[in-house]
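Novice: Put chain B on the given structure of chain A with help from the hints.
Chain by chain, the residues run as shown.
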Amino acid sequence: KQEVTQIPAALSVPEGENLVLNCSFTDSAIYNLQWFRQDPGKGLTSLLLIQSSQREQTSGRLNASLDKSSGRSTLYIAASQPGDSATYLCAVTRYNKLIFGAGTRLAVHP
Amino acid sequence: NAGVTQTPKFRVLKTGQSMTLLCAQDMNHEYMYWYRQDPGMGLRLIHYSVGEGTTAKGEVPDGYNVSRLKKQNFLLGLESAAPSQTSVYFCASRPTGRDEQFFGPGTRLTVL
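Line by line, the protein sequences give chains A and B. If you count by our numbering, then the first sequence holds residues 12 to 121, one letter each, in order. If you count by our numbering, then the second sequence holds residues 10 to 121, one letter each, in order.
It should be emphasised that the hints constitute simulated quantities derived from the structure, not laboratory data. Mixed in with the good hints there might be a few duds.
[As the list claims (entries may be wrong)] Within a straight-line C-alpha distance of at most 25 Å, the following computed SDA-like cross-link-like pairs (lysine to any residue) qualify: (1) B:79 <-> B:35; (2) A:79 <-> A:113; (3) A:79 <-> B:68; (4) A:53 <-> B:73; (5) A:12 <-> B:40.
[Stated by the list, open to error] Below, a sample of chain A positions facing chain B; criterion: calculated Cβ distance under 10 Å: (6) 52; (7) 55; (8) 56; (9) 109; (10) 113.
Everything numeric in this text was worked out from a predicted model, so none of it was measured. Cβ atoms here follow ideal geometry from the backbone N, Cα and C, with glycine treated the same way.
So here's chain B without its partners, still in its complex pose:
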């Protein structure tokens, strides 16, 4: 099992550009999450999904959209990137009935 994978690992954008971050998990987990981590701060929840076809807002959802068309994939979109979205983005998943979340390696995004 590859676990949770994230694509790409690094990306540099210019202000106003758009992009999509892909999270994939091969563990058949129901729940998936997108977090961002900024220096000196803990991870903050952007959006999450409790199953295929569902999405919900987290703590800091503004400027992001998500989709969960397939159970194994959770996409995070930035329609018009801003420098404030420079961060490291982590995806996580967990199965129903268990509390432990499994994290991907992260995507480092810089918006100039």
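With the rest of the complex left out, here is chain A:
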């Protein structure tokens, strides 16, 4: 059974810091991996999607990497801002279904 784990569960950093969020999965037979952002009381917004054949994707200050063989993905956020405060979820796709991690709750303080 595929399990997705995110570490740390919560993170608090000062503004301007570069940070890394981690996601691991137990079964490397995935179709793709996605990173989402969730603001309190809101739905999920897709940030980056990495196909299983890709190693990384970039969007602005965000960079996500994928290492299928080790079952790991990282989300790198450069020069963090208070507006980045949210919960970040990773999810792997297998058989047309998303399997989510529990998320990392990020707080960026001025």
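Specialist: For chain B alone, coordinates are given in the frame of chain A:
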């Protein structure tokens, strides 16, 4: 486009009551999904649909039923609500040929 909308936004039920959550999308997407999110856990798939008139079970289907009579709507029903069904419910949709799912804002359900 409104995207994915969910009705209602909040609801409080008593144990044993029934209700239906409505998900609507105006993007002509084939696939639709219902998830629940509990504190400290990721989203878990309840049921999903690969097209109008089709439904399939996800990871946690017990206690829920669904219907997809129209392509744009996906209904989630609770026949006899239980406190264990207190959760935030999210609906999502995606088009054929694309991997990205588009999520609604969620429905917060409390069962007393």
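Novice: Now look at each hint and say whether the structure bears it out.
Specialist: We went through each hint and held it up to the structure:
1. B:79 <-> B:35: 12 Å, holds
2. A:79 <-> A:113: 20 Å, holds
3. A:79 <-> B:68: 23 Å, holds
4. A:53 <-> B:73: 23 Å, holds
5. A:12 <-> B:40: 23 Å, holds
6. 52: Interface hint status for residue 52 (chain A): holds (8 Å vs cutoff 10 Å).
7. 55: OK, holds: residue 55 (chain A) within 10 Å of chain B, min 4 Å.
8. 56: 8 Å, holds
9. 109: Holds - the Cβ of residue 109 (chain A) comes within 10 Å of chain B, reaching about 7 Å at its closest.
10. 113: Constraint on residue 113 (chain A) satisfied, holds at 5 Å.
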